[in-house]
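> Residue numbers (my numbering): 14 to 167.
Treat the hints loosely; a few may be bogus.
Stated by the list, open to error - In silico lysine to aspartate or glutamate, EDC-like type, Cα no more than 20 Å apart, as pairs:
no.: 1; residue 1: K76; residue 2: E56
no.: 2; residue 1: K61; residue 2: D121
no.: 3; residue 1: K76; residue 2: E127
no.: 4; residue 1: K76; residue 2: D118
no.: 5; residue 1: K61; residue 2: D118
no.: 6; residue 1: K61; residue 2: D105
no.: 7; residue 1: K76; residue 2: E58
no.: 8; residue 1: K76; residue 2: E53
Derived by calculation from the structure, the hints in this document are not laboratory data. Since we're looking at a predicted model, the values are computed, not measured.
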Amino acid sequence: MRVVILAVGRLARAPETELVRLYAGRATAAGRALGLGPVEIVEVEGRKPGKAAEAEALRPHFKDAHVLVCDERGQPRTSRAFAEEIARLRDDGTRRLVLVIGGADGLDPALMGEAQGRLAFGPQTWPHALVRAMLAEQVYRAVTILAGSPYHRD
14 MRVVILAVGR LARAPETELV RLYAGRATAA GRALGLGPVE IVEVEGRKPG
64 KAAEAEALRP HFKDAHVLVC DERGQPRTSR AFAEEIARLR DDGTRRLVLV
114 IGGADGLDPA LMGEAQGRLA FGPQTWPHAL VRAMLAEQVY RAVTILAGSP
164 YHRD
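Make the full structure from the sequences, and use the hints.
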């Protein structure tokens with residue numbers, strides 16, 4: 014199952030950018046044997062400012078995918094529960110999992126309604142670049158949990 018981290022906006026050269034690449038690369042390498050990956054980072058820009066324009070840029074990436082959007086009002090998951098969800102989707106034949114990070118103003122409500130679920134990193138508001146790094150790390154952590162690696166400790 015391919016895993017796509019789909020985000021509005023482009024990250025400049027920053028420590029978070031390197032973390033995203035590092036964890037996506039690690040998840041891709043470790044996930045091959047598990048039928049997971051590659052882990053791709055896709056960045057989109059709206060043609061105009063605003064949630065509707067961003068939704069228009071994001072929507073084409075939803076085709077034939079199971080979509081989880083990052084939303085502070087979403088369902089928080091433990092790392093192990095997130096790993097189990099990924100495994101269940103893979104085992105059920107899902108070919109693509111798309112994890113969506115919206116722009117500075119969040120995601121268009123209609124677009125969020127098209128998603129199969131909402132993922133939260135808690136009720137706090139996090140910087141966009143940091144959310145990407147956290148999400149990429151959680152994907153890597155999920156892969157290591159499924160592989161039985163000692164990276165994750167309960």
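> Now, for every hint given, state plainly whether the structure supports it.
Right, here's what the structure says about each hint:
A threshold of 20 Å between alpha carbons decides the hint, and for K76 with E56 the separation of about 16 Å falls inside it, so the pair holds. Proposed proximity of K61 and D121 is supported: the alpha carbons are some 14 Å apart, at most 20 Å. Distance hint between K76 and E127 is fulfilled; the C-alpha atoms sit about 11 Å from each other, no more than 20 Å. Between the alpha carbons of K76 and D118 the distance comes to roughly 24 Å, so the proposed pair goes past 20 Å and is violated.
This hinted pair checks out: K61 and D118 have alpha carbons roughly 13 Å apart, not beyond 20 Å. Simply put, K61 and D105 have alpha-carbon atoms about 38 Å apart, too far for the 20 Å limit, and the pair is violated. Proposed proximity of K76 and E58 is supported: the alpha carbons are some 18 Å apart, at most 20 Å. With a C-alpha separation of about 16 Å, the suggested pairing of K76 with E53 holds against the 20 Å cut-off.
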